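Chemist: One-letter residues, chain by chain:
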Amino acid sequence: MKKEKKVFERPFIKKITINVPNKFGKTTSFYPLQEIDGIKIKEMVEKYGSPLFIISEQTIINTYKEAYRAFSLRYPKVQFAWSYKTNYLDAVCRIFHKLGSWAEVVSGFEYEKALRNGISGDKIIFNGPYKTKEDLIKAIENNSLIHIDNFDEMYTLFEIAENAKKLPKVAIRVNMDTGIYPQWSRFGFNYENGEALEAIQRIMINKKLLLVGLHTHIGTYIMAPWAYATAAAKLAHLWVLVKNKFNHNIEYIDIGGGFASKNTLKGAYLPGTDTCPTFEQYADAITSAIINSNIDIENLPLLILETGRALIDDAGYLIGSVVANKKLPDGKPALIINIGVNTLFTSWWYNHQIIPVQEFPLYSESTVVYGPLCMNIDVIREEIQLPPLKKDDLIVIPRVGAYNTTQWLQFITYRPPVILIDTNKNLHVIREKENLNYISSLEKLPDHLK
Amino acid sequence: MYVKNKILSIISGVILSYGQVLFSNSFLFSFLILLVTLIQFNIGLSGLICTIFATIIAYFIGLDNYLLKKGLYSYNALLVGLGLGTFYKLSATLILILLFAAFFTLLIQIALQTFLQKHNLYVLSLPFVLCFIIIYVSLRNSILLEHFENKIFLADYYYTINSNILSLYYKITDNLPEFWILFFKSLGSIFFLDDIISGIIIFFLLLLYSRISATLSIIGFASSYLIIYHIGITDKIHTLFGGFNFILLAISVGGFFIVPSFYSYVSAFILSSMSVFITIFFNELFSLLQVSSYSIPFSVMTNIFLLFVTNLKYDIFKIVYFQEFRPEYNLYRDVNHRKRFYNILNSIPIILPFWGKWKVWQGYNDKYTHTNDYKYALDFVIEENNYTFKNNGFNLSDYYCYNQIVISPGNGYVVKILDNIKDNVIGDINTVQNWGNSIVIKHAEHLYSQISHLKENSFLVKEGDYVYAGQPIARVGNSGRSPQPHLHFQIQPFPIIGAKPINYPFVRYKKYSKTNINTTLHKYSIPNKNDEVENVTINLSLSNAFKFLPGMEFVIKYNNNNYQIAVFTDSLNVTYLYCSKTKSMLYIYNDYYAHYFTNYIGKKSSPLYILYLSCFNIEFSNVNNCKTYDEFPIHHILSKTKLFIHDFISPFYLLKRAEYYSEHQILDNNDILIKSSVTVCSFARKKQKYAFETIVKDSKIKVIINKLNNKSLTFEWKE
Numbered sequence: 203m204k205k206e207k208k209v210f211e212r213p214f215i216k217k218i219t220i221n222v223p224n225k226f227g228k229t230t231s232f233y234p235l236q237e238i239d240g241i242k243i244k245e246m247v248e249k250y251g252s253p254l255f256i257i258s259e260q261t262i263i264n265t266y267k268e269a270y271r272a273f274s275l276r277y278p279k280v281q282f283a284w285s286y287k288t289n290y291l292d293a294v295c296r297i298f299h300k301l302g303s304w305a306e307v308v309s310g311f312e313y314e315k316a317l318r319n320g321i322s323g324d325k326i327i328f329n330g331p332y333k334t335k336e337d338l339i340k341a342i343e344n345n346s347l348i349h350i351d352n353f354d355e356m357y358t359l360f361e362i363a364e365n366a367k368k369l370p371k372v373a374i375r376v377n378m379d380t381g382i383y384p385q386w387s388r389f390g391f392n393y394e395n396g397e398a399l400e401a402i403q404r405i406m407i408n409k410k411l412l413l414v415g416l417h418t419h420i421g422t423y424i425m426a427p428w429a430y431a432t433a434a435a436k437l438a439h440l441w442v443l444v445k446n447k448f449n450h451n452i453e454y455i456d457i458g459g460g461f462a463s464k465n466t467l468k469g470a471y472l473p474g475t476d477t478c479p480t481f482e483q484y485a486d487a488i489t490s491a492i493i494n495s496n497i498d499i500e501n502l503p504l505l506i507l508e509t510g511r512a513l514i515d516d517a518g519y520l521i522g523s524v525v526a527n528k529k530l531p532d533g534k535p536a537l538i539i540n541i542g543v544n545t546l547f548t549s550w551w552y553n554h555q556i557i558p559v560q561e562f563p564l565y566s567e568s569t570v571v572y573g574p575l576c577m578n579i580d581v582i583r584e585e586i587q588l589p590p591l592k593k594d595d596l597i598v599i600p601r602v603g604a605y606n607t608t609q610w611l612q613f614i615t616y617r618p619p620v621i622l623i624d625t626n627k628n629l630h631v632i633r634e635k636e637n638l639n640y641i642s643s644l645e646k647l648p649d650h651l652k
Numbered sequence: 019m020y021v022k023n024k025i026l027s028i029i030s031g032v033i034l035s036y037g038q039v040l041f042s043n044s045f046l047f048s049f050l051i052l053l054v055t056l057i058q059f060n061i062g063l064s065g066l067i068c069t070i071f072a073t074i075i076a077y078f079i080g081l082d083n084y085l086l087k088k089g090l091y092s093y094n095a096l097l098v099g100l101g102l103g104t105f106y107k108l109s110a111t112l113i114l115i116l117l118f119a120a121f122f123t124l125l126i127q128i129a130l131q132t133f134l135q136k137h138n139l140y141v142l143s144l145p146f147v148l149c150f151i152i153i154y155v156s157l158r159n160s161i162l163l164e165h166f167e168n169k170i171f172l173a174d175y176y177y178t179i180n181s182n183i184l185s186l187y188y189k190i191t192d193n194l195p196e197f198w199i200l201f202f203k204s205l206g207s208i209f210f211l212d213d214i215i216s217g218i219i220i221f222f223l224l225l226l227y228s229r230i231s232a233t234l235s236i237i238g239f240a241s242s243y244l245i246i247y248h249i250g251i252t253d254k255i256h257t258l259f260g261g262f263n264f265i266l267l268a269i270s271v272g273g274f275f276i277v278p279s280f281y282s283y284v285s286a287f288i289l290s291s292m293s294v295f296i297t298i299f300f301n302e303l304f305s306l307l308q309v310s311s312y313s314i315p316f317s318v319m320t321n322i323f324l325l326f327v328t329n330l331k332y333d334i335f336k337i338v339y340f341q342e343f344r345p346e347y348n349l350y351r352d353v354n355h356r357k358r359f360y361n362i363l364n365s366i367p368i369i370l371p372f373w374g375k376w377k378v379w380q381g382y383n384d385k386y387t388h389t390n391d392y393k394y395a396l397d398f399v400i401e402e403n404n405y406t407f408k409n410n411g412f413n414l415s416d417y418y419c420y421n422q423i424v425i426s427p428g429n430g431y432v433v434k435i436l437d438n439i440k441d442n443v444i445g446d447i448n449t450v451q452n453w454g455n456s457i458v459i460k461h462a463e464h465l466y467s468q469i470s471h472l473k474e475n476s477f478l479v480k481e482g483d484y485v486y487a488g489q490p491i492a493r494v495g496n497s498g499r500s501p502q503p504h505l506h507f508q509i510q511p512f513p514i515i516g517a518k519p520i521n522y523p524f525v526r527y528k529k530y531s532k533t534n535i536n537t538t539l540h541k542y543s544i545p546n547k548n549d550e551v552e553n554v555t556i557n558l559s560l561s562n563a564f565k566f567l568p569g570m571e572f573v574i575k576y577n578n579n580n581y582q583i584a585v586f587t588d589s590l591n592v593t594y595l596y597c598s599k600t601k602s603m604l605y606i607y608n609d610y611y612a613h614y615f616t617n618y619i620g621k622k623s624s625p626l627y628i629l630y631l632s633c634f635n636i637e638f639s640n641v642n643n644c645k646t647y648d649e650f651p652i653h654h655i656l657s658k659t660k661l662f663i664h665d666f667i668s669p670f671y672l673l674k675r676a677e678y679y680s681e682h683q684i685l686d687n688n689d690i691l692i693k694s695s696v697t698v699c700s701f702a703r704k705k706q707k708y709a710f711e712t713i714v715k716d717s718k719i720k721v722i723i724n725k726l727n728n729k730s731l732t733f734e735w736k737e
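In order, the protein sequence lines correspond to chains R and V.
Just so you know, we're using our numbering here: the first sequence kicks off at 203 and counts up by one.
Just so you know, we're using our numbering here: the second sequence kicks off at 19 and counts up by one.
Rather than coming from a laboratory, the hints here were simulated on the basis of the structure.
Only a predicted model underlies this, so the values are computations on that prediction, with no experimental measurement involved.
Careful, some of the hints might be misleading.
Derived BS3-like pairs (lysine-lysine); straight-line CA-CA distance at most 25 Å [said to hold, decoys possible]: (1) R/K267 with V/K408; (2) V/K434 with R/K367; (3) R/K367 with V/K718; (4) V/K736 with R/K410; (5) R/K410 with V/K718; (6) V/K720 with R/K368; (7) V/K622 with V/K718; (8) V/K529 with R/K300; (9) V/K529 with R/K267; (10) V/K645 with R/K325; (11) R/K279 with V/K645; (12) R/K445 with V/K565; (13) V/K547 with R/K267; (14) R/K447 with V/K565; (15) V/K532 with R/K627; (16) R/K300 with V/K408; (17) R/K325 with V/K718; (18) V/K715 with R/K325; (19) V/K599 with V/K575; (20) V/K718 with R/K445; (21) R/K325 with R/K315; (22) R/K447 with V/K715.
Whole structure, please, built from the sequences with the hints as guidance.
Modeler: Laid out in structure tokens, this is it:
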């Protein structure tokens, strides 16, 4: 029998202190992550290569249920709408639609994708500041909910509505001061200066459009649930104004998205896992603001939530491997991994956690993690406590479900495949690894260069 | 217009008086009876004159117009008039006396009515008897009045009219068995027409009007006839006006005041035979005054029996609450009404005390604590993947339902709050403060809801507050006898915490199927153990479309005609639609979750009838594929001729049913399409009689299309 070779551990020096341990303890506070949903990461890498995106259907379902439960236990009419821009892989969208989510799209492309995913037109919310006339006509034909962003868009809609066979169903996007910084003022009509009310009045008096909703998107990664309470209260106030003035019941209030996920923002003092509010906290703030408003309980509007990040972030994992170890001139250890900022786009604003897959020793040291790109800016983490890792060791970056598979760049390397682990622990490739043919398929060579 | 209405209601009152004597309010029937009474012209005319007097007097002293139009003030005067006409020839003096008699009868009737109504008794024909005996006895010695003798020499009288009638008369009396001769005579004598021919005509009119009344009249008479023969007092049956008491008693008890059924028939049979003794007794008693007791036995026995019935524990006998003035209709309506609205009408709606999906942990009559006195209580928890908690479940916050919002299950006042009891550690129970933090809300007299085991200091309301259904009131905790966080809910008749609960259903809730995908709507029911349930929400634009508020007006276009419809509320606070053109009325009930039409009065040609058929029961719930099944009173769907044979057996078994079905779907343009149909089932055969499509646009009913003939009703609403 061949004797197994002992694992080599790179030596490093650590200063021994003899005073009492400080409040952060003395060892690394994390453990290796060897499997996802009961499936060994090593096996998946052997099969599909590295780097590799993994999405866990079970996590999506659990998170969705948790969020839905939090709201539905507090409010009689709740509807989630899947924010396509957060992750529009067909498989992911369909998981959400299967769970009961509508679709929230912000462009003609996403709108087509939503239709192709089998969701009926009246369950698509068409958001965003840029909708072409063709997009709008199509949305009206499909009875989709059009969220008007600006007066020019409204005029276009009035113009289309003249000849349209159907009454366009629209909502007003409202921006407002919710007491947080930064105040998002670019989407929709302002609440405080009366622009929103003016927009509503134009719609109500014109009668060419059917006002069915009020929408706001107060920001992203909002850690303050009370900001949503302010937003909900202001929308509820608009609802009551419309009811009093026009005796019109607006069908829904759309509070937008922006719930924080457990990722840690760059510059944050405490980790996101500790500071991120729970769905219950958001739900408490939003629902109690509406229930305590002047809207009579019998007419409570439908509450729509466009939460994207908080629903999907936890379900995504990115697996990579160590390319090389390096010592920087200042003596700091550095690690090169095969995941770059082009693949892990969210590393621009998150301090992503990086967890080794294999067992590691007790001690860790401050390390810089670089990506594989030949670009100086390709830094995944400027500073992270990591145990010593060798070439070809695997690492996992958790909570990458949101925005990465939509904002990633095809740059220098091929983009990795995306694997879905379904509820029965079967693996499915939901996006193949890119290859040369795919990338050059849209390219055309002029004759003289052939 | 006003004068015309005045005259119309007087004419209606006069004519219907004739029908009322036989418990009918049909014009045709009443008018034919009127004609029958005129066969013996003197009797008939004096009856008519007295009725006219009574109705006019009643009108001018301002009695209730509705009762007046129904002839309920003048039928006693009619009987007095007929009676006086039997004894005296019509003359100026008699007319004067009739005027006096009419007024006098009215006085007595109102006096008696005022007195008896308080005790749930009916005057029936008591005023007639009292008034008639007083006048008859006091007039006995009048020298101005000429006695009328046709009654005694009936054959002569027939001869004076026509010799053929006389031969017919003899032919009948010679060939008919004694039972039938006596029966027809008795029937005629209700109107003081003591001859066979009138009796036969009245019987056939009665048969055409109501099969049940006709059957009962034979039953009543037969039972008394049997008893008389078995006891051996045969001579008594020939005593003047004796037989009709049994007939009237059988009809009133067997089908008019009590819903016709096997038991009502049996009781009609028994009571009629019992009243033989009473009739003889009263006759003997009144013979002191040398008069008959007339209809006293009938009036007395009916009241006695009705009082008896109201005190019975089991409802073998169902009292008629909405009088249709036709026993068949009373039956069809009652059976239908019980099926549709048993425990529903005007009940206080109670919803589940939470939003979202919860599971029944302990149901009614469960094996742990919901037993014996506390069997009518429910415990709720939230479960996910068969666990009520996440992580290891050692902490309260691991439990899905802990700290969740509790809502008020109905409108009402908070009458009691118990707070400041600490939450138990998981697994512990606090039997000293058994109920934990609790709240009691008063929804109505003797209808309180209690919610227990709440979180300490989590109350969002205080004692004395008025709360609305759906308003958050507290949060779920783990206080009192609660090993893990859960919600205890019960309805009780008293405001004390821990009062013995009662069985009370939830107005609506949806239940999840095992796969958690489909939901079924449950109306007025109670969830069972392990059911996963959630409150339902309603489609507001659908519910607004069926919100008929008094004062609303709209126009229905139908068959190129415009019909003005207005919404009214009557003195019993029942809302109805009224079509002035067709004089039809459509009664409405709305329990917030659904719209019901409860009754329709009027012609079948009216557009309101189409509205009645198409929108009989509309459920507003937003539950997917929500289908509504209901049933019409059969006489609203099938014509009288089609039910002629059916009526005879209907008290024992209903062969025919008219089923209603509706479902709604939201169309692309936000309109709502309601598909409904009416199917008549007789035996196993089903036949669709109507199919409708109703379109609701902008929270208003827009159009109803009859799919079978493609006629449509178009609605125009006034702003």
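Chemist: Are the Cα positions of V/K547 and R/K267 separated by 25 Å at most?
Modeler: The hint holds at about 23 Å.
Chemist: Assess, step by step, whether the Cα of R/K300 is no farther than 25 Å from the Cα of V/K408, and give holds or violated.
Modeler: Within the cut-off at roughly 24 Å; holds.
Chemist: What's the verdict on V/K720 and R/K368, does the C-alpha distance respect the 25 Å limit or exceed it?
Modeler: holds (17 Å)
Chemist: Is the straight-line distance between the alpha-carbon of R/K267 and that of V/K408 25 Å or less?
Modeler: holds (13 Å)
Chemist: Mind checking the alpha carbons of V/K736 and R/K410 for me, to see if they're no more than 25 Å apart?
Modeler: holds (22 Å)
Chemist: Is V/K529 within 25 Å of R/K267, Cα to Cα?
Modeler: OK: V/K529 and R/K267 at ~18 Å, within 25 Å.
Chemist: Given the hint that R/K447 pairs with V/K715, does the C-alpha gap stay at or below 25 Å?
Modeler: holds (21 Å)
Chemist: Measure nothing beyond the straight line between the CA atoms of V/K645 and R/K325; if it is 25 Å or shorter, mark the hint as holding.
Modeler: holds (23 Å)
Chemist: Hey, V/K715 versus R/K325, does the alpha-carbon distance stay inside 25 Å?
Modeler: It holds: about 20 Å lies between the C-alpha atoms, which stays within 25 Å.
Chemist: Holds or violated: are the alpha carbons of V/K529 and R/K300 at most 25 Å from each other?
Modeler: holds (20 Å)
Chemist: Under the criterion that the straight-line Cα-Cα distance not exceed 25 Å, is the pair R/K325, R/K315 satisfied?
Modeler: Cα-Cα ~13 Å, so holds.
Chemist: Next pair to validate is R/K410 with V/K718; report whether the Cα-Cα distance is within 25 Å.
Modeler: holds (19 Å)
Consistency note: the structure conflicts with earlier hint 2 alone.
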